[in-house]
Structure formats: structure tokens, C-alpha cells
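Novice: Given next are the chains, with one letter for each unit.
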Amino acid sequence: MPAADEQQLIVQAKDGNHTAFRHLVERYMRHAYNIAYSFVGNHDDAQDVAQETFVRIHRSLSSFRGDAEFSTWMYRIIMNVSLNRLHEQKRRPQGEMVTSDAVKPLTDSQAGDPVGFDLQDHVEQAIHKLPALQRAVVILRHIDGLSTKEVSEILRCSEGTVKTHLHRGLKKMRTMLDFLKDE
Amino acid sequence: MKTHSTVQKLLYEYLNGEITEVDRNAVRNHLASCEKCSVELERLKDELKALDQLQANPSDHLSSEYWDSFILDLERRIQSDRSRVRASVSLWETVETFWMYHRSLAISLSSAAILLFLSIGVMKTVLDHWAERTPGTVAQQQAPVDTVRSELNQYFRKSKILLVGLTNMKVPEGQPPDFSVERDASRKLLHQARYLKNQPLDMRSAELIDDLQRIQLALANMKDEGSLSNVEIVNAGIRQENLLFKIRMAEAQYDTSRFVPVGNNF
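The listed protein sequences correspond, in order, to chains A and B. Mapping the first sequence onto my numbering, position 78 (from 1) lands on 78, and the numbers just tick up by one. Mapping the second sequence onto my numbering, position 1 (from 1) lands on 1, and the numbers just tick up by one.
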């Protein structure tokens with residue numbers, strides 16, 4: 001979508017035009033779902049995070065001044081909602097843990113016997129064990145393919161801070177994946 | 001010559017091309033001769049490759065019907081959200097975001113606010129303490145009744161001495177009268193009268209203080225070399241208001257030394 005069209009849709013949606021807002025949702029809903037999925041790791045939570053993101057966007061659209069790109073703003077909201085959801089996941093009793101087919105819990109037996117559990121699965125599990133900010137940086141930088149500058153704008157911090165979190169995150173992941181060395 | 005750990009820290013930048021020319025050459029030279037770091041580089045390559053190959057678009061597996069229902073659900077949520085309070089939410093989001101990304105700054109600001117509140121509390125306590133020790137301040141408006149009685153009696157006694165001295169004043173002929181002592185005493189009594197008028201008083205005492213204040217004000221404003229006619233005017237006022245009699249009556253009322261505890265009579 002050209003930037004001018006997007007701008008026009010945002011202006012119209014701000015004025016209460018439901019069709020314009022619907023077009024914005026249709027434009028970004030898959031993207032929002034994908035980012036949310038990479039954070040929360042299962043379909044149910046990803047769907048809920050994506051919907052909650054658009055509810056918040058609708059609620060705060062009047063205060064969106066356009067200082068940042070719409071997508072940057074959306075990323076930021078997804079981040080906040082996802083991180084809240086992850087906190088909720090941690091608080092959930094073990095029995096209620098949402099485990100979809102896409103996220104396989106990395107048990108000790110699997111860690112020791114990685115048959116049928118390829119590197120990608122291990123990497124994905126390692127990402128989900130990282131602290132929130134490190135996880136965010138690794139996901140945005142490597143899975144969503146954003147530049148360091150874009151990530152720093154989303155997280156409202158310096159590029160140096162992004163790099164630091166990235167280094168720490170990758171280092172922790174490497175420690176978690178150390179057992180693969182022995183294969 | 002770079003160490004293993006320095007080179008390994010630079011491997012990520014080396015792979016992503018985010019490295020200076022000097023560092024790139026140093027890492028390349030080190031890798032050419034170091035098997036350990038070369039293995040690390042290969043591992044990092046595999047990990048980053050695995051990261052890049054992670055399912056980036058899980059939405060591809062969802063049907064168009066799913067997205068239609070997604071939009072319908074969303075519209076329902078937005079409808080129900082409209083009924084909620086909106087104003088507090090954006091503020092909360094701001095606080096939440098600020099706390100999440102600027103935690104150290106938020107902690108610093110909170111600490112500063114706590115320190116400020118503590119400082120204000122300590123300052124208030126010190127000021128209250130200081131005010132209690134300073135006579136004539138508002139803090140003393142609630143002085144104990146016994147203290148007020150005693151001070152009232154003292155005020156009347158000093159006023160009586162001043163007025164008696166004034167009525168008996170004799171000035172040698174040919175010399176100007178000197179009122180400096182009377183003037184200073186009047187100023188002190190005026191100060192004391194202002195304090196007493198802020199205390200709970202009976203009506204008669206309050207009226208007497210008013211009368212005495214007028215006399216003391218005239219004396220406090222009298223010049224060094226005042227004329228005897230001024231003194232006569234003041235004396236006429238004292239006689240007219242029968243002030244000395246009133247003072248003696250008031251003294252009898254407030255003279256605490258005249259009373260003794262009941263137990264001492266037996």
C-alpha cells in the first residue's frame with residue numbers, strides 16, 4: 001500500500017470512518033498475527049494479541065500523531081500486548097498452559113535425545129526461554145528482519161541498547177543450545 | 001593481535017557486515033589461524049540460519065474464512081470496548097511503556113519523588129518545631145490555658161507599672177521630658193497584647209487590652225522630646241477609662257500566685 005493511501009486511510013479512520021479502519025485492519029492483520037505468533041508461540045494467544053492490538057489502535061487512533069510510521073506504532077502495541085500475555089502465561093498453572101502443535105515443550109528427554117527435533121525447533125524453544133526484551137530484539141531483528149534502527153524505534157531505545165540485548169540474547173541461546181555440540 | 005574472546009564477540013558483526021575494515025581484517029586473520037574460533041563462526045552461522053528459517057509467516061496456513069471471522073470478532077470487541085472508560089487507558093499505556101523501556105529512569109524518578117516527599121516532611125517537622133519555640137506565631141494560638149492566664153497577669157502588671165509611672169511623672173522645669181523608657185516598654189507590651197488577643201479571652205479582659213493598647217500605641221509613637229501636654233492627654237485617658245482600677249480587678253482575677261492547691265490547706 002502506498003504511503004499516501006495509508007495516510008489517507010488513517011485520517012479517515014481518525015474521523016470515524018469504519019470502512020477505512022477495516023481496510024487498515026485487512027492490510028495489517030496477517031502481519032500483526034505473525035509477529036504476535038513469534039512472541040507468544042501459539043495460535044490462540046497470537047489471535048488474541050492481534051485482536052487486542054487492533055482494539056487498542058482503534059481506541060488510541062485519535063492520539064496517533066504520525067511522528068512514527070503506523071507499522072512502528074503497531075509493532076510497539078503488539079510488543080506490549082504480547083509481553084503482557086507472556087507474563088500471564090507464566091502465571092497460568094501448568095495444567096492450563098497453552099501448547100499448540102507449533103510450540104513443542106523442550107523436555108529434558110528431548111534435549112538429550114534430539115531425534116525428530118531439529119535445530120529450528122531447538123532454536124524456537126530457546127527464543128521462548130529468553131527474557132522479554134532479549135526475545136523481542138531477537139524476534140524483530142532476525143525473524144521479522146527489521147534493521148537495528150527500526151527495532152530501536154519500536155523499543156524506544158538506542159541502537160546500542162538493541163545491539164546489547166541482541167548479543168546477550170544470542171549468547172544465552174547459544175548456552176541453551178550447547179548440548180547440540182555433543183551430537 | 002586479538003584474543004579469542006574479543007574475536008568471538010565480533011563474530012556477529014562480522015557475519016552481518018556491521019564491522020569496521022580494521023576489525024574485519026583482524027577477525028579474518030585470526031580465523032585463518034584459529035580452529036576454535038572458526039568452529040564458533042560456523043555454529044553462529046547455523047544458529048542465525050535457523051533463526052532466519054523459523055516460520056516467519058504462520059498466517060499462511062489460515063484460510064480466508066478464518067480472516068473473515070477474525071474481522072467480525074474484532075468488530076464485536078471494538079463495540080464492547082467503546083462502552084469502557086477510555087481516558088485512563090492511554091495514560092496507563094504510556095506508564096506501562098515507560099516502565100518497560102525506561103525502567104532505570106522510572107526508578108530514578110520515583111526515588112527522587114520519594115526523597116522530595118521525605119525532605120518536605122522533615123522540613124515541615126523542623127518548621128513546626130521552630131514555630132513552637134518562637135513567641136507570637138500562629139502556632140502558639142493554642143497555648144495552654146495556664147500559660148495564657150500567667151501571661152495575661154504579667155501583661156496587666158507591667159501595664160499598671162507603666163501607667164502608674166506615667167501618672168506620677170515629674171519633669172524638672174526648663175528640661176524636655178524623656179519618654180524613651182516608657183516608649184520601649186509600650187512597644188514590648190504592644191507585642192505581648194497582639195499575642196494575647198490571639199488567645200481565648202473573656203470579653204472584659206479583651207476590652208481592657210483594647211483600651212491599654214490605645215494608650216501604649218500613643219506612648220510607643222511619642223517622640224524623644226515630647227511635650228508635657230501629650231502626657232496630660234494620656235493621663236486624662238487613663239482617668240477617664242478608670243484603667244488602673246480595671247487593671248487591679250483583672251490582676252485579682254488572673255493572679256495565679258494567689259491560689260494554692262487545695263491539699264496544702266490541710
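If you're looking for bench data, these hints aren't it; they were derived computationally from the structure. These numbers were taken from a predicted model, which means no experiment stands behind them. Worth double-checking, as some hints may not be accurate.
Stated by the list, open to error - Derived pair list, reagent style DSSO-like, types lysine-lysine, alpha-carbon separation capped at 27 Å:
1. K172(A) x K45(B)
2. K49(B) x K172(A)
3. K49(B) x K149(A)
4. K149(A) x K163(A)
5. K160(B) x K129(A)
6. K163(A) x K49(B)
7. K160(B) x K223(B)
8. K158(B) x K188(B)
9. K129(A) x K14(A)
10. K171(A) x K36(B)
11. K158(B) x K171(A)
12. K246(B) x K158(B)
13. K170(B) x K163(A)
14. K172(A) x K149(A)
15. K163(A) x K45(B)
16. K9(B) x K129(A)
17. K9(B) x K172(A)
18. K171(A) x K49(B)
19. K158(B) x K170(B)
20. K223(B) x K188(B)
21. K160(B) x K170(B)
22. K149(A) x K188(B)
23. K129(A) x K45(B)
24. K171(A) x K45(B)
25. K149(A) x K90(A)
26. K197(B) x K170(B)
27. K158(B) x K163(A)
Novice: With reference to the structure, classify each hint as holding or not holding.
Specialist: Consistency of the hints with the structure:
1. K172(A) x K45(B): Between K172(A) and K45(B) the Cα gap is close to 16 Å, so the pair holds against 27 Å.
2. K49(B) x K172(A): Given that 27 Å is the threshold and the Cα spacing comes to 17 Å, the pair holds.
3. K49(B) x K149(A): holds, 21 Å
4. K149(A) x K163(A): This hinted pair holds, its Cα atoms lying about 10 Å apart.
5. K160(B) x K129(A): violated, 91 Å
6. K163(A) x K49(B): holds, 18 Å
7. K160(B) x K223(B): Given that 27 Å is the threshold and the Cα spacing comes to 22 Å, the pair holds.
8. K158(B) x K188(B): Holds, because 10 Å separates the two Cα atoms, which is no more than 27 Å.
9. K129(A) x K14(A): With Cα atoms ~39 Å apart, K129(A) and K14(A) exceed 27 Å; violated.
10. K171(A) x K36(B): holds, 17 Å
11. K158(B) x K171(A): Violated, at about 88 Å.
12. K246(B) x K158(B): Distance ~14 Å between K246(B) and K158(B) Cα, so the pair holds.
13. K170(B) x K163(A): violated, 98 Å
14. K172(A) x K149(A): holds, 23 Å
15. K163(A) x K45(B): holds, 18 Å
16. K9(B) x K129(A): Judged against 27 Å, a Cα distance of about 22 Å means the pair holds.
17. K9(B) x K172(A): holds, 13 Å
18. K171(A) x K49(B): Satisfied, since the Cα-Cα distance of roughly 16 Å is no more than 27 Å.
19. K158(B) x K170(B): holds, 20 Å
20. K223(B) x K188(B): holds, 17 Å
21. K160(B) x K170(B): OK: K160(B) and K170(B) at ~18 Å, within 27 Å.
22. K149(A) x K188(B): violated, 76 Å
23. K129(A) x K45(B): holds, 21 Å
24. K171(A) x K45(B): holds, 13 Å
25. K149(A) x K90(A): Answer violated: K149(A) to K90(A) is near 30 Å, above 27 Å.
26. K197(B) x K170(B): Violated - the C-alpha atoms of K170(B) and K197(B) are around 33 Å apart, more than 27 Å.
27. K158(B) x K163(A): Measuring from Cα to Cα gives roughly 83 Å; hence the hint is violated.
Checked against the numbered hints given earlier, the structure breaks hints 5, 9, 11, 13, 22, 25, 26 and 27 and satisfies all the rest.
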